[in-house]
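Colleague: For the sequence shown, our numbering assigns the number 1 to the initial residue and increments by one for each residue that follows.
No false leads were mixed into what you were given.
DMTMM-like, lysine to aspartate or glutamate: derived pairs with alpha carbons at most 20 Å apart:
id, residue 1, residue 2
1, 205, 187
2, 26, 105
3, 220, 194
4, 99, 78
5, 442, 432
6, 205, 194
7, 442, 381
8, 50, 82
9, 169, 252
If you anchor each label on the Cβ, the simulated ranges turn out as follows:
id, residue 1, residue 2, range
10, 455, 434, 30 to 40 Å
11, 123, 239, 21 to 31 Å
12, 165, 225, 25 to 35 Å
13, 114, 66, 12 to 22 Å
14, 51, 114, 13 to 23 Å
15, 225, 505, 51 to 61 Å
No lab work stands behind these hints: they were computed from the structure.
These numbers were taken from a predicted model, which means no experiment stands behind them.
Each residue gets a CB set at the ideal place from its N, CA and C atoms; glycine is no exception.
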Amino acid sequence: MEFNNNFLIDELQRVGKVGIFNYDIKNDVMTISDITCELLGISNEYMRNKRDWLNIVHLSQREEFHLYFEEIINTGKDFNKEYRIARQNEEIELWIEVKGKVYFDEHSIPKILSGTIHDISELKKSEERYKKLYMEFQEKEALLVSLINSIPDMIYYKDINGVYLGCNKALENFVGMNQEDIIGCTDYDIFEREIADYFRKMDLKMIHKEEHFIYEEWVKYPNGRQVLCNTLKTPYYDSQGNILGSIGVSRDITGISKKEELQKRIEEKRKRVNELKEADRIKTEFFVNISHELRTPINVIFSATQMEEIMLKSYLSDSASEDNFKYVKMMKQNCYRLLRLIENLIDITKFENGYYSLNRSNHDIISLIEEVVSSVAGYIENKDISIIFDTDVEEKIIALDPEKIERIILNLLSNSVKFTPSGGSISVKIQDHKDNVCIKIKDTGSGIPEDKLQSIFDRFVQVDKSLNRSHEGSGIGLSIVKSLVEQHGGKIFVKSIESQGSEFSIHLPCELVESKYCKKITSVNQIGKSSIEKVNIEFSDIL
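Given only the sequences and the hints, what does the whole structure look like? Please build it.
Modeller: In structure tokens, the structure reads:
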């Protein structure tokens, strides 16, 4: 079969997906081969000059291509450019590679640009696939590195000659070197020779047997500290099954025995805590039982004392009964003190076990506190102590348990009286802070030492613990006051300067409960138990 030159050229273009072009620079005339037309998806008439050529270039590269084209024409450099085009007969993009050479006329002026156009779309697709795979590989590699570095065990791998090829952060921290410095080193570059000999011996054992094994080894840090490591070593291979080196994972188990000992001590302490809890439960149970057992005989004694008082008033003259009344009063006061102690012990027990509850309703706290202060004013003034009540609001309805509020105020007032000398003063001031009501009880008494302020509300804490102290008390009153305030959702604070006096501040939230509205209290006796008896009980240490 005979072939002419044109046929051969066309066939070679078609097989190689290579087109030919010729551009007359001076006359701006573009000539392309039929194969070029097929590659570009255009007709000969569509591409007749430089402008037509630019029009098929993808818009994103058109300006760049134009500048490059002008540079080639003006300088005569060889043309070598990859760019995208949009074929006329298809809505798909095509990547082509254009290579060309500029030919000059006899005056060395660029005359003709001739060259080839090669379809490289498949190559570009392969490049994109490669880039995507490479990025995925990098992401997976980064994930693997992060995972390995997050493991607290030391992970490392070496080649068959014992040269480190990589490691994680744990090994870096162990040897005090960065991975970049570790890579390329052997154990002899990092550890003492005796330890390095042992590591190499174990590596060779694993390589010769070609199996993984686990063992324990003592390793010395570069700083001299020794640790016991549990080590796993296993070989790794190439695709042909040839061993390439070893992978090692070492865990510091020095602390395990210490942890076991610590766990043992924790168990012993837990057992001790449970024993203490049981002892505390028994103590609490004892307090409850003894309190209830004491209440009955005290009530009998108290009733008998009251009967004695009535009989004295009825049958004896004033002069004859003066001493008798004195003894009766002494018995009554001590009955009140015992009742107060019993009531406090029962309440403390309830607080500890979470059984204490309030009976809150909406009341005027101003009226309530004013009546409480009025009820004890006589007692206080008899001690030659002045008492002042002041409020910046005439009425404030909030949710409270009136019996408990009365008890709080009485307790704080009794403390003030107890520690305030004759000629001193006590003030009760109420302030409305919109969100809360502040009740301040201030005295000019002996004050509280600074080292006692932090513990004044703790159970059984007394400012004066000496046996010859001048004031009686169990040290649980303020603890109960604090618990009662907190049960109301409030807070209590204390400020004091020794020898100058103390100030207790109670902040109660301005809340209402959904209950029948209670009018403001006009008599303390509306609260429940006799107000006089409450005062006698709370003031039993000082009356």
